[in-house]
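Student: These protein sequences, in sequence, are chains A and B. Each residue of the first sequence is one higher than the last, beginning at 4 in this note's numbering. Each residue of the second sequence is one higher than the last, beginning at 221 in this note's numbering.
Calculated directly from the structure, the hints in this document are not laboratory data. Please read these numbers as outputs of a predicted model, since none were measured by experiment. Positions of the beta carbon are idealized from the N, C-alpha and C atoms, including for glycine. Just to be clear, a hint being listed does not mean it is correct.
Claimed, not checked - Cβ-to-Cβ under 7 Å is the rule here; a few derived chain A residues that face chain B: (1) 90; (2) 94; (3) 213; (4) 234.
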Amino acid sequence: MTSSLPLTITLGYVLVVMAVGLHARRGRRMDSLEEWGVAGRSMGPVTLYLLIAAGSVSAYTFMGAPGWAYAKGVPVFYVVVYLAYLALVAWYCGPRVWAFGERFGHVTQASAIADRYQSPFLGGLSALVMSVGSLAYAVLQTVGSAYILTVMSGGAIPVWLGVIGVLSCIALYLFVSGQRAIGRTNAFQGVLMFVVAWAVGLWAVHSATGGWRFAAVFDRVRDEHAAWLSLPGAGGDMSFRFWTTSVIVSMLSFMPPVWTQWMSAASAATIRRSATWLPGYYLVILPMVMVGFIGIYTLPELARSDTVVLEYAMQHLPALLVGLLGAGTLAASMSSCEPFIHSVALSYGKDVIQPLCGLSDATTAQLTRWLIVPLMALIVAPLAIAEPGSLVMILLVGLGFATQVLPAFIGMFLWPRASRAGVIAGIVVGFVVTTAFTTLWKHPLGIHAGFWGLMANLPIFVAVSLATRPVEAAVTERFFRIAAPHWYRRRGEQAIRAHNTRESAARGD
Amino acid sequence: MHRYFVLPTTLPGWGLLIAFLAVLALGLWPVIGWVNHAPGWLGMPAIVVWSYVVVFASCTVMAIANRFVDDDAGSGDD
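Same shape as in the complex, but just chain B (with noise of 0.2 Å):
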């Protein structure tokens, strides 16, 4: 029996891993404090737009991600 935590097991499969760490980051203290504190962007208060940054990267980061898995399996790069 397997006692161990699924995790990647090539290079594109780490990278995919913590880029999706990465953007769940964004939205999350302590980033979200710092842009809290940063000065409107576009006339619009800081955490309005970093709301759509994190969406935007979110699907950049699933856009990218596409491009690694196999098309027909239920899995993808585990």
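Next comes chain A alone, as it looks inside the complex (with noise of 0.2 Å):
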């Protein structure tokens, strides 16, 4: 393809996004964590839908979906079951965190963990530890935004000025309008990647079968490649074992990025207005992992899979639509990226300097947007240039983590008798297990490492929660009047009744 329509497109879309971007911040002012962190907790239904929606479709969407679909067959729909889960852990425990956010003053999930269990120790660990995962997410995701720009403009823009380029773009609309900015960039990218994903899709089915049915595909695939059709996919390796311990594991990771989005909402009616309807938006993957099944039989000899529908387009699309594509996978991995790293400068503002700097809101609101330039200027850049080959390894590592602080939320929302010795001990042991079991023996008996790491942790925390002194009861209190005032207010009267009548039998009434 010698166009230069495709990259003139896909730039278009770097400056309609940064425009959106920068106009998102409409004269509000940026200089505290409530307006520069949450958005002032202003978000409408709209928005938030679109902003959670792009936010959890990445560059996965558009290159490695296509590319599991591509290697394995079925065994990618997985993603779309635990995306749908996530919605509905969202509808529970969203509004719950929007209303902790809004009657206490959080802005991260860090300072949510530090209060309930009132130890800043524990906020500031957890949002140290949360950032791994999250830096090497957005690395990742620059990492495919910079491979596009390359890709598109025929190798003219090499990767470490795609890096640069895409990291600037991002650093000056966060820096002036902080979480607005996302939302509304969010919303933009995310009908992008809705109406660029069915136009690829049903073009590349139309191309290779002469009409619009998906069925023609898989009655294809079914003939010469079976074994791609059913579970456990053409590498044999998803078990129903790992397909379900997956989907629980990766429904139950509380990403930073995800608490703050929660956060940002207008009221906690809105948050549960918009999860209802989440998972329809997460038809967006099945026409870009319609094009891995169709490479399989078109484009057999591929050497990276996650090349797929790029390599489809180049070779059968009209160079619009390859355009398109490009500006729809930039908009994924720019969607994704920027949360994160917006998520990892204010967690390290609020939960780590300023406890231990003893600094002012207002000063921490003004050295937060400040630090997203040195966390992309030295960690994500670098990284993302160099690309590491540990740096696939860093985020399981990290992602494994975020699926053991799973304690510190049951405390939250499930079980006031959890306690600061307990919440640290189970996600110590779940973190080791979890490691141990994604690097030195994989996924023991088919199982996911995070899962094994949950059985390990969830027994340690209860126990030592029981053996340990409770958080002060004014502070579960506070917590559980909003997690669950009706259950609360039973338990409390039932708790009285209980205690009038030891009294009565002790008088001997």
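Put the two chains together into one complex, using the hints given.
Tutor: Shown next as structure tokens:
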């Protein structure tokens, strides 16, 4: 393909997203964490819907998922299932997190943890460790962005220049407009991705089969590659156990940007309304995955499976659609990259530097905005350019940790008796087990390493919590009056009745 | 100090909990194992169609649940 149209469209997208991000500020002062960090808790249901949807659809949807379909087949659909379940988690937890933030002033996940367990140390620790997975994720998305620019320019834009260009663009509108920029750009990117995915997918099906029916693609795959169409898939490694435990572990990973998105909502009801229809957005995955299935028989010799959509598009689609695919893939990687960089800066400022240095809220807010610059310049950009081989492993270990923080959230939403020591013990044991089963002995018995971690983590968490001093009653009461008001009131009434009965018995009534 | 886990306190609350758990079960073993062996639907592999059945079941259960929660409260019917 020699046309300059694809690159023009892709760069045009970058200009539009810059304009949208910078305009998102609209005269507001960004000198408080509440405004820069969580958009003044003001987002309506449509923006929030597209913010969460686009944030969860990364370059993986446009490159990795079709690559999985190409290499393994239907196992890729576990992603659709766990994304739908993440919406259920958002429906239940999101409104509670929003209410905690609104009433107690939290702007980060780690500040909620520090408050619930009355431990700035635990908050700072979770901020630091969560940032490992978050930064690795941001690096991978940046790599994906730069790769798209390189492909669309026919190699004229080298990876290093693509990395610097994409990060500069994100840095500018993130600094100026904070979470409002993420909301507006994700809304734009979310619509763009959905339209592009279906346009590319349908066109690819038509060019491969002469019709519009996805079934025709599967008929062809069924004839020659039947193993791709049922579990455990072509690689033989997606057993029912691995499918089930992967879905469970993925849906229980409470990543910090998601928390920030929930706290950016205008109300608790806004989150529920957005979460309700969120799974429908994941129809975006189906057409892209179809291109992966088409690639099985049209591009049998691909060296890298995650290039299947780009390769197919370059060979079979018109330049206009190739350009839109470039813009859509760039949108997917940028929309996932920016919330992670933003949430790491927010959490480093609020949960690590402020308690360590005793800074005022105003100073912390200023510092946090500037933090995105060293984060990008010293960590994300060098790693994205060097692309070390251990990056994916760092990401897997980081995401493994994200699931192991589950006890901290059980103690917020479901179990008042959770203690600080119990949470720390559970996290440490779970993290060690997950890391060992990710790096040394991978997924024993075909069960996801993170699930093994949870099986060690949760019993330790419960046992140590019961054996150690609980967090003071006033704090748990504060949280559970929001998290479970009816249950808390009923339990309180039962406790009073039991107390009165004991007193009566003691008096010999 | 409450030693117990949060549970529903009303009949609709229990109904919603069961509905949410049922939707979760749709996407996991053993259900996914039964679906895997089913013949394809609409010319598509059964597991592809089923994944989107899970998607629409998730939307449906949340849409129903919205009718039972307070609109402005931070929490629903626990």
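Student: Give a verdict on every hint.
Tutor: A quick look at each hint next to the structure:
no. : hint : in the structure
1   : 90   : holds (6 Å)
2   : 94   : holds (5 Å)
3   : 213  : violated (15 Å)
4   : 234  : holds (5 Å)
Of the numbered hints listed earlier, the single one contradicted by the structure is hint 3.
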